Amino acid sequence: DTGVSQNPRHKITKRGQNVTFRCDPISEHNRLYWYRQTLGQGPEFLTYFQNEAQLEKSRLLSDRFSAERPKGSFSTLEIQRTEQGDSAMYLCASSGYRDKGIGNTIYFGEGSWLTVV
Amino acid sequence: GQNIDQPTEMTATEGAIVQINCTYQTSGFNGLFWYQQHAGEAPTFLSYNVLDGLEEKGRFSSFLSRSKGYSYLLLKELQMKDSASYLCAVREGQAGTALIFGKGTTLSVSS
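Going down the list, the sequences are from chains A and B. The working numbering puts the first residue of the first sequence at 1, with every later residue one more than the last. The working numbering puts the first residue of the second sequence at 1001, with every later residue one more than the last.
Hint data in this document are derived by calculation from the structure and do not stem from the laboratory. It is possible that some hints are incorrect.
Claimed, not checked - If you anchor each label on the Cβ, the simulated ranges turn out as follows: (1) B:MET1080 - A:THR2: 27 to 35 Å; (2) A:ASN18 - B:GLU1056: 42 to 50 Å; (3) A:SER58 - B:THR1023: 21 to 29 Å.
Since the model is a prediction, treat every value here as computed from it, not as a measurement. Every residue, glycine too, gets a C-beta built ideally from N, C-alpha and C.
So here's chain A without its partners, still in its complex pose:
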């Protein structure tokens, strides 16, 4: 088990282009989360899946953002018509029922850095 894996790790895109990030959670983790983090801030919650069901979406998640987890394993986060304000690190995290002893701890991936120019 190699932990939560995200790719690409870095993406530079022109304003108005679409970008997609992929996340592979820890094996057998049934919950998957997307967060966004900018410099000097803590991670901001975007959305959360349990298996393939998207259970919660933040108001931060505008119509240009969409996330999927079609088979309850990997997930994708797509940003359409990117804006400069979308520049941030996009963090994926996962948790599993086996971690009940430590509160269903959330484990983060290395993040995908997005720069919109």
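Fit chain B to the supplied structure of chain A, relying on the hints for placement.
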């Protein structure tokens, strides 16, 4: 609403002890987490409290008072590698739901 407050920055010297405080006001409470984040890296889990009291794990300890909406992370025998951001996070809902994070406390350890 949700409000999680931590000091923005702290400084300390090698070998010292530092206490990072966190206060929270959330609509629900189902656990408080501390994460460490080095610059440019992902947050890594440090500790978890759901009941009042102190949880000790090596050089790091975390305390929780639910009635006061207050937690602290205590770091002993500071090392240079402890220079990082420390994030306080609260779970409001049932097990497995997302964590809400504070803005983090940047700790600088000097020799």
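Taking the hints in turn, this is what the structure says about them:
Range check, B:MET1080 to A:THR2: about 28 Å between beta-carbon atoms, so the 27 to 35 Å window is met. Checked against the given bound of 42 to 50 Å, the beta carbons of A:ASN18 and B:GLU1056, roughly 48 Å apart, stay inside it. Range check, A:SER58 to B:THR1023: about 22 Å between beta-carbon atoms, so the 21 to 29 Å window is met.
In summary, the structure agrees with every hint in the numbered list given earlier.
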